[in-house]
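Trainee: Based on these hints, arrange chain B on the given structure of chain A.
There are 2 protein chains.
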Amino acid sequence: MLPTDELRALAQVTPSKILLLVLDGLGGLPDPRTGRTELETARTPNMDRLAAESICGMQHTVSPGITPGSAPGHLALFGYDPAVCQLGRGIVEALGLDIEVERGDVVARGNFCTVDDTGRITDRRAGRIPSELNHELCDLLNEQVSLEGIDVSFFSGKEHRFVIRLRGEGLSQEVADTDPQHEGMKALAAKPLEPDAERTAGLVDSLVEQAHTLLKDRHPANMVLLRGFSKHPDYPSMQDIYRLSPACIATYPMYRGVARVVGMDILPAGETLEDQLAALRADYDNHDFFFLHYKKTDARGEDGDFEAKVKAIEAFDAFVPSVLEPGFDVVIVTGDHSTPAVLAMHSWHPIPVLLRGRYCRPDRVHEFSESACLPGGLGHIHAMELMPLAMANALKLNKFGA
Amino acid sequence: MLPTDELRALAQVTPSKILLLVLDGLGGLPDPRTGRTELETARTPNMDRLAAESICGMQHTVSPGITPGSAPGHLALFGYDPAVCQLGRGIVEALGLDIEVERGDVVARGNFCTVDDTGRITDRRAGRIPSELNHELCDLLNEQVSLEGIDVSFFSGKEHRFVIRLRGEGLSQEVADTDPQHEGMKALAAKPLEPDAERTAGLVDSLVEQAHTLLKDRHPANMVLLRGFSKHPDYPSMQDIYRLSPACIATYPMYRGVARVVGMDILPAGETLEDQLAALRADYDNHDFFFLHYKKTDARGEDGDFEAKVKAIEAFDAFVPSVLEPGFDVVIVTGDHSTPAVLAMHSWHPIPVLLRGRYCRPDRVHEFSESACLPGGLGHIHAMELMPLAMANALKLNKFGA
Numbered sequence: 001m002l003p004t005d006e007l008r009a010l011a012q013v014t015p016s017k018i019l020l021l022v023l024d025g026l027g028g029l030p031d032p033r034t035g036r037t038e039l040e041t042a043r044t045p046n047m048d049r050l051a052a053e054s055i056c057g058m059q060h061t062v063s064p065g066i067t068p069g070s071a072p073g074h075l076a077l078f079g080y081d082p083a084v085c086q087l088g089r090g091i092v093e094a095l096g097l098d099i100e101v102e103r104g105d106v107v108a109r110g111n112f113c114t115v116d117d118t119g120r121i122t123d124r125r126a127g128r129i130p131s132e133l134n135h136e137l138c139d140l141l142n143e144q145v146s147l148e149g150i151d152v153s154f155f156s157g158k159e160h161r162f163v164i165r166l167r168g169e170g171l172s173q174e175v176a177d178t179d180p181q182h183e184g185m186k187a188l189a190a191k192p193l194e195p196d197a198e199r200t201a202g203l204v205d206s207l208v209e210q211a212h213t214l215l216k217d218r219h220p221a222n223m224v225l226l227r228g229f230s231k232h233p234d235y236p237s238m239q240d241i242y243r244l245s246p247a248c249i250a251t252y253p254m255y256r257g258v259a260r261v262v263g264m265d266i267l268p269a270g271e272t273l274e275d276q277l278a279a280l281r282a283d284y285d286n287h288d289f290f291f292l293h294y295k296k297t298d299a300r301g302e303d304g305d306f307e308a309k310v311k312a313i314e315a316f317d318a319f320v321p322s323v324l325e326p327g328f329d330v331v332i333v334t335g336d337h338s339t340p341a342v343l344a345m346h347s348w349h350p351i352p353v354l355l356r357g358r359y360c361r362p363d364r365v366h367e368f369s370e371s372a373c374l375p376g377g378l379g380h381i382h383a384m385e386l387m388p389l390a391m392a393n394a395l396k397l398n399k400f401g402a
Numbered sequence: 001m002l003p004t005d006e007l008r009a010l011a012q013v014t015p016s017k018i019l020l021l022v023l024d025g026l027g028g029l030p031d032p033r034t035g036r037t038e039l040e041t042a043r044t045p046n047m048d049r050l051a052a053e054s055i056c057g058m059q060h061t062v063s064p065g066i067t068p069g070s071a072p073g074h075l076a077l078f079g080y081d082p083a084v085c086q087l088g089r090g091i092v093e094a095l096g097l098d099i100e101v102e103r104g105d106v107v108a109r110g111n112f113c114t115v116d117d118t119g120r121i122t123d124r125r126a127g128r129i130p131s132e133l134n135h136e137l138c139d140l141l142n143e144q145v146s147l148e149g150i151d152v153s154f155f156s157g158k159e160h161r162f163v164i165r166l167r168g169e170g171l172s173q174e175v176a177d178t179d180p181q182h183e184g185m186k187a188l189a190a191k192p193l194e195p196d197a198e199r200t201a202g203l204v205d206s207l208v209e210q211a212h213t214l215l216k217d218r219h220p221a222n223m224v225l226l227r228g229f230s231k232h233p234d235y236p237s238m239q240d241i242y243r244l245s246p247a248c249i250a251t252y253p254m255y256r257g258v259a260r261v262v263g264m265d266i267l268p269a270g271e272t273l274e275d276q277l278a279a280l281r282a283d284y285d286n287h288d289f290f291f292l293h294y295k296k297t298d299a300r301g302e303d304g305d306f307e308a309k310v311k312a313i314e315a316f317d318a319f320v321p322s323v324l325e326p327g328f329d330v331v332i333v334t335g336d337h338s339t340p341a342v343l344a345m346h347s348w349h350p351i352p353v354l355l356r357g358r359y360c361r362p363d364r365v366h367e368f369s370e371s372a373c374l375p376g377g378l379g380h381i382h383a384m385e386l387m388p389l390a391m392a393n394a395l396k397l398n399k400f401g402a
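Residue numbers (the numbering used here), protein chains in the order written: chain A, 1 to 402; chain B, 1 to 402.
Next comes chain A alone, as it looks inside the complex:
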């Protein structure tokens, strides 16, 4: 793909509008009883009609055989090379909790865990304590832990998970995990991975020591483990690269977080497709790129519930005419990865994709599904190539070279 600097030089502002519809975990595998995937089983008259008007194909979010997490999956769809633009575990967790992260902050993912009298870890997840207890412990730590010259905050997640955020001058993310990832070992000292990280590592050690003291009578949650120290990434924004005014309409914080990382405006998305549609209508005039995220396909796939994933796809399909109604010059429908119900997890299988625009060269695909899109006109592409294609089809990309 053309380097970012070259793309930037080609992008131009026009009134045309692009809509990117992402059905999370869209791709599937056949139900052994029918030989049809979730998408092939679902009745999707609206997406089928769209496919007939579109150029279709298959896309890999990373590359063949690679199962992407949600962050690389979406970064690729936004035009970023997911092998280059990697988000640390701490920042992904923070984005998923809607935590405000400023440039310069360092965040990390934490676990409450159980250690014995000698400090050896006996349960890395502290028996998956209830989230309410997690809240209580984070309140305690927020009240009592203090670091010189640094704001430290603990944010509760689910069960044993939390996020720490360090805010202050001169912090470094180059600190190794204190979580040894094995039971029977002691928590590791925070090791600086470069000389500039020595102070931050010392602050982390102090934080862990204070937490250990404060939690010592809180068995099973009597210690903390930290990993994935990371800062807010410094990628060029979609405004900068594509000269777009992009907006995100996502009901889950994780996806809003990744969208925020690439500079999208975060619209109030509510909790349902109806809420998302209302947000799209309300802000239609203010943006020229809309990313609308639908979570249920992935959630039902992760549950291993084939029928429920089929129903989630059908529910989305019923909503398609309304979402297209305001009018878009380019529409893309795809997923960020596959989540086959038979695997009950993210997978590496390529994802069907359709692109509709006035200047797409239509192919013979008349159905939106894995098998139907296979011989489509887009061929097999990388997800990160979709943004240049969307831009081209919206006539927002000038000629490269004389």
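Don't read these hints as lab results, they were simulated from the structure. A hint or two may mislead.
One copy or any two copies: either way a pair holds, since identical chains are not told apart in the list.
[Unchecked claim] 20 Å max Cα-Cα, derived EDC-like pairs, lysine to aspartate or glutamate:
#1 Lys-17 x Glu-100
#2 Lys-186 x Asp-205
#3 Lys-296 x Asp-123
#4 Lys-158 x Glu-136
Since the model is a prediction, treat every value here as computed from it, not as a measurement.
Mentor: This is chain B only, laid out in the frame that chain A set:
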């Protein structure tokens, strides 16, 4: 793709001959009334027969979504990575005017423009003065402008356009444009982009000042703007990489220029397909690689004239049996980009390609068109991969690795 150094190590000289037929701007989009592209509308019995004997597919000159100019389009077809091998605007313009450019020369594209009494630009194109006046002004500048130790030449282009060529020791291309690209501003001083370019920038400033003085009573062409300072690129030649003896048969200077950049011999191509065929026959024994360029498909596409592009394709098709008659071991037919008549400009759409050779694995494609080539055996490839394929099919490429 295998790096150039690796390819070079595999290439061997054999008597086999390769013919690359480029129909400029070949790819199209459907006529809304028929649903068929220009190529699908044209009667092309000869290329269809060739497609049936060939392996077919689709190629991207740069990457999905990117609309290439003619220079990157052709460099890719010649096996060069167009994202890496970029030609400056000055050198492309010089090549297009058949100007002799030696290594070490610096060329730039010039505009005659109009400035007011305060030096502000009121018309960047000087009202598109007649080309005859342009010639007269370039003659004046060639006579009167002088730079110490440097040969400076002005070459007329069409209307307001010209090219300057600086020839001498120690010149640098790292000089910023003097053209601010906006009216209402003054021409910029030539800014050196690296310390070594200071002398060249000074020479450019002196040149512009002399021109301004000489032109001051020549309203509307009373000033010059320069951009795209560039040298002849220093790419390895096709002889060097592929051990070929390549020849170019092109009726337009631009394509001869790009062919010259990669080391091709430029055969006298005349003005018509008949002239080109005569050149091919005359030099058949002297080369083992022939690039034959056909311009009309692009020109009619740029005109937005669907029917005329169809006719241009049919005219080329009628000529195919004669051009194949001398005998070639490998024949490739493709374009350097799409120029759909409905867009009336270069576009990003992939281009059909066929490759015929004794050892190609034929597919089920029996027609040379965008939709017919889509499921072809070549799949979707990058144009720069065609040269290794041509070499392989001509049995000119040894095994890679033990």
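Trainee: If a hint holds in the structure, say so; if it doesn't, say that too.
Mentor: These are the hints, each one checked on the structure:
1. Lys-17 x Glu-100: neither (29 Å within a copy, 46 Å between copies)
2. Lys-186 x Asp-205: within (13 Å within a copy, 60 Å between copies)
3. Lys-296 x Asp-123: For Lys-296 and Asp-123, the Cα distance exceeds 20 Å both inside one copy (32 Å) and across copies (58 Å).
4. Lys-158 x Glu-136: Classified as within; 12 Å inside a copy, 78 Å across copies.
In this structure, the hints that do not hold are numbers 1 and 3, in rising order.
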